[in-house]
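Chain order of the listed sequences is A and B. For the first sequence, position 4 matches number 4 in the working numbering, and the numbering has no gaps at all. Add 1000 to the 1-based position in the second sequence for the working numbering, that's all there is to it.
Rather than coming from a laboratory, the hints here were simulated on the basis of the structure. Yeah, the Cβ is synthetic: ideal placement off N, Cα and C, and Gly gets one too. It is possible that part of the hints are untrue.
Derived CB-CB ranges, DEER-like [stated by the list, open to error]:
| id | chain 1 | residue 1 | chain 2 | residue 2 | range |
| --- | --- | --- | --- | --- | --- |
| 1 | B | V1322 | A | A36 | 39 to 45 Å |
| 2 | B | D1354 | A | M115 | 37 to 43 Å |
| 3 | A | T40 | B | V1322 | 42 to 48 Å |
| 4 | A | Y96 | B | V1149 | 27 to 33 Å |
| 5 | B | D1211 | A | M1 | 29 to 35 Å |
| 6 | B | P1124 | A | P21 | 40 to 46 Å |
| 7 | B | A1006 | A | K108 | 43 to 49 Å |
| 8 | A | T70 | B | M1331 | 34 to 40 Å |
| 9 | B | G1052 | A | T40 | 17 to 23 Å |
| 10 | A | G109 | B | E1321 | 20 to 26 Å |
| 11 | A | P21 | B | A1309 | 26 to 32 Å |
| 12 | A | M115 | B | R1270 | 44 to 50 Å |
| 13 | A | M1 | B | R1367 | 20 to 26 Å |
Facing chain A, from chain B, some residues (calculated, C-beta under 7 Å) [what the hints assert, rightly or not]:
| id | residue |
| --- | --- |
| 14 | G1287 |
| 15 | R1288 |
| 16 | A1397 |
| 17 | S1398 |
Here's the letter readout for the chains.
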Amino acid sequence: MKYMLMMNTPGNGPYQIASWPHEDLVRHIQFMKSFARKLTAAGELVTAEGLSGPDQARRVRAGNDGKPITDGVFPEAKEFLAGYWIVQVDSAERAYQIAAEASAAPGKGGTPLNMPIEVREVMSEAPREWQE
Amino acid sequence: MAAPHAALQERLRALAPEVLGILCRRTKDFAAAEDAVQEALVAAAQHWAADGLPEQPRAWLVQVASRRLTDEVRMAIARRAREQTVVSLVPAEDQLALGADDDAAVDDDSLALLFMCCHPSLSPTSAIALTLRAVGGLTTVEIARAFLVPEATMAQRISRAKQSIRESGVPFERPDPQAFADRLGAVLHVLYLMFSEGYAASSGDAVVRTDLSGEAVRVTRLLHRLVPDEPEVAGLLALLLLTDARRAARTGPAGELVPLDQQDRARWDRQAIREGVALLDGALPKGRPGPYQLQAAVAALHDEAPSAAQTDWPQIVALYEVLRAQSDNPMVDLNHAIATAMVQGPAAGLALLDHLASDARLAGTHRLDAVRAHLLERAGDLPGAVALYRRAAGRTASTVERDYLLAMAARLNAPSAPGT
Chain A
1 MKYMLMMNTP GNGPYQIASW PHEDLVRHIQ FMKSFARKLT AAGELVTAEG
51 LSGPDQARRV RAGNDGKPIT DGVFPEAKEF LAGYWIVQVD SAERAYQIAA
101 EASAAPGKGG TPLNMPIEVR EVMSEAPREW QE
Chain B
1001 MAAPHAALQE RLRALAPEVL GILCRRTKDF AAAEDAVQEA LVAAAQHWAA
1051 DGLPEQPRAW LVQVASRRLT DEVRMAIARR AREQTVVSLV PAEDQLALGA
1101 DDDAAVDDDS LALLFMCCHP SLSPTSAIAL TLRAVGGLTT VEIARAFLVP
1151 EATMAQRISR AKQSIRESGV PFERPDPQAF ADRLGAVLHV LYLMFSEGYA
1201 ASSGDAVVRT DLSGEAVRVT RLLHRLVPDE PEVAGLLALL LLTDARRAAR
1251 TGPAGELVPL DQQDRARWDR QAIREGVALL DGALPKGRPG PYQLQAAVAA
1301 LHDEAPSAAQ TDWPQIVALY EVLRAQSDNP MVDLNHAIAT AMVQGPAAGL
1351 ALLDHLASDA RLAGTHRLDA VRAHLLERAG DLPGAVALYR RAAGRTASTV
1401 ERDYLLAMAA RLNAPSAPGT
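Isolated chain B, as found in the complex (with noise of 0.2 Å):
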């Protein structure tokens, strides 16, 4: 079969959430509905590349997983005399009957879905290959190759979690009021994690790599659409397309790092640092600033900056002190360090950094020796420096990351920079 047009691929994925949502209504059966939709989305695959889109796609798709449901409770009925599970008394013919599926409960249904998908019961990186392959309506193939793990152990990993949803007996449902700010935590932490093992990964041989970043967008966009007054959700789409935008200048021609001070910022998407601000703009307004919006405002203000030196660094030293408050993240705290390095000089940067070496979920990371690295480096202490760059660049485990780290290191070594 030959792959399917780029633009039926978009089309089908929309589709996959909503017809998983009906079926999940209707057979309160998530395991077996998601298989029975997997498998109608092979179908229309091939049928309508080859005969065209049928009238009523999403129509469609709803009968033909029906029809392999039935099927499936057809043949666990003749398997075991006794029925075990509640499809199983709903009679086959009756799980057909075609319900008004308005576009308002089709919404209500794929919010529930991507609540039950990012559950908090499952581990993040289950949660992200069922929310990929539930709400994103990608095959376990193409989730396989984004996490770089052979095909069988993915689908073993997405069937483990679908029997962890099925014991756990997360409803299929919208949560209630009282948990429904805990729960939307949850899921904005998935896609914000979807979207950085995307990110992370987005250079050398990415070729046929399936774009977790950009399926985090997506997912991320269908949220917003469906919870619109919620800020956070707005606040955490604006975040990824405003760090999205700068994907392409992130990497130079060899796959290798480039910093932020460094990018050719010609290179930056403008559409997408437009579509991040006007959404941040109409989330702040709302009065309940959480740390997606605060993280975006601070992309937002390098985003709009001429130059790294132009940059409203004041205002970012203002907002990671906000961002502090709200949460105990040492990177948070580091982000912090490196702005007040900007506005007060890299003497103060250090300063900040000596308080977080006691951290312990800092200490022997990378990250606190590569910033140190850096600020030593400005603050002219070129051999302090490099021993930084190494000793960091042993200690990272991405290799773009160490490549970047070592190049850093060796360039301040270079016979002719002074300091050697």
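Just chain A, with the same shape it has in the complex (with noise of 0.2 Å):
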């Protein structure tokens, strides 16, 4: 089973790692990195990515004339999805436990964030007989 687990960060204009100190900010960093080595020494990593900040994000739809109409920047956000990992584990139980480690990387101080995980299982792919 794939899940998706993204990672939440408040909102409020940059991320806000940006204003922590340096070995607290060292120390995120390093724990992001042996985190992703864990998971890929395990078998478990299929992707991970971290996404740009908030200023950089855009919300786009299609106009009338199907050219994009984009909207942002979004400083009033409450959460914005920082990055994301997709593992492949045996259970919904397997994914939450990596959530709880992943919820609990170092913050300012070395105190856990305890940040929001959201996980969602992915969809697996069509029985055969319904593809073409």
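Hints given; two lone chains; assemble the complex.
Put into structure tokens, the structure is as follows:
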């Protein structure tokens, strides 16, 4: 089973991490790197990406002429998707475990952030006979 | 099947463009020839690993690939009675007739192949992928890994590139002298982008990534061997070597970015530097300095300097000025501003940046902010530097770069630092 783990961070302008002291920042970055290495070594990581900050985010819709209409910046947004992992695990419980570990990433002063991680199962492929 | 021995793999990759070139010349069907050669390479990897190298490896590959091609043609003819392709007009057996394949002819074919894969009608991404496969001899899986995309996606990208080559009727030949310079420029650009793609991603969890920078060096080396008198080809090869020489020092133990002025220069690859400098020394006296030779000259000045402070910055400023006169590239302007700041102080650099701020190609990018932040820091405006480092961090699409910029901001903002 595949799960997508979405890491949400508080909104309000650029990522809050930008204002952390140097050592906290380094500790956090190192946690994220070793976390990815650990998941890779366990054969559970499918992919992981960090996303650029809220200042870069745009919401796009097609206008009547089909051309893109863009919306943004979103300084007011309460929460922002900062990045995600897709993991392949044997159970939902394992996915929750991984999410909890990510949630406890060190924040300011090394205290766990306990940030919300949204866990969603990735829909699997349709049965063969449904495909062309 | 066990992974082929590294030396065997290297040998196969070097033979790939030669074999494909020979087949292209005979069949005039690049797409089919390319498929056949890939199959022959796979077969060779299996057989040679088990039984050792055949006496004439190239002839072996040509024969196996030709047989595949002949089978394909026969099957195609059987499938539809009418003959649609040029290939099918040539009796299948005749295509097996072995020509002389002397080394000069093989070189011509390799060159024609490279020009075909880097044809301006292809998008750079497609051209890079196709070059890696047809000239570099890499498998689709390896190329997919390099770009971090699924194999099926890369297979599709390559097959579409081959199709557009077929449709646009790009001939398999060395371009005529009039078009040669332009087409060579396109080839160099593709190789440069291939290198940059690998260089930008050369940190972090890169263990499984195919080494794009290394591949770019290898193919550029091949091109330099084929056209040794083209100074810009030598210039590009020099630039890639002189840049790649700093690779090991460019990232710290945790994969973090280490800027040029803080790199441990003892970790630079001296042999690559010597080779790059020698190439440049051979090219510059030809008196046709293009952008690659000039950039290589800048890289050489950095590589030969014992420290950032002892770098010949006035010379670098002069080189960037020549580059600016040759091309309208805002990245050159940015680097010019940095070098100027090193010679005349941060205020002079900042003044140049003010002129650049109105350039639409730079507006809103993280690079202008990052450079300005560096110069503000050197000028003593720490709050201004912190704000811009952070803004740049929010704008970059590179994780490594973001982490670096955030760390720069955090360092200046530390309670112990002055100015907070």
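Here is how each hint holds up against the structure:
no.	hint	in the structure
1	V1322/B to A36/A: 39 to 45 Å	holds (44 Å)
2	D1354/B to M115/A: 37 to 43 Å	holds (40 Å)
3	T40/A to V1322/B: 42 to 48 Å	holds (46 Å)
4	Y96/A to V1149/B: 27 to 33 Å	holds (29 Å)
5	D1211/B to M1/A: 29 to 35 Å	holds (34 Å)
6	P1124/B to P21/A: 40 to 46 Å	holds (41 Å)
7	A1006/B to K108/A: 43 to 49 Å	holds (47 Å)
8	T70/A to M1331/B: 34 to 40 Å	violated (26 Å)
9	G1052/B to T40/A: 17 to 23 Å	violated (36 Å)
10	G109/A to E1321/B: 20 to 26 Å	violated (49 Å)
11	P21/A to A1309/B: 26 to 32 Å	holds (29 Å)
12	M115/A to R1270/B: 44 to 50 Å	holds (47 Å)
13	M1/A to R1367/B: 20 to 26 Å	violated (42 Å)
14	G1287	violated (45 Å)
15	R1288	violated (41 Å)
16	A1397	holds (6 Å)
17	S1398	violated (9 Å)
Hint check: violations occur at hints 8, 9, 10, 13, 14, 15 and 17; the rest are consistent with the structure.
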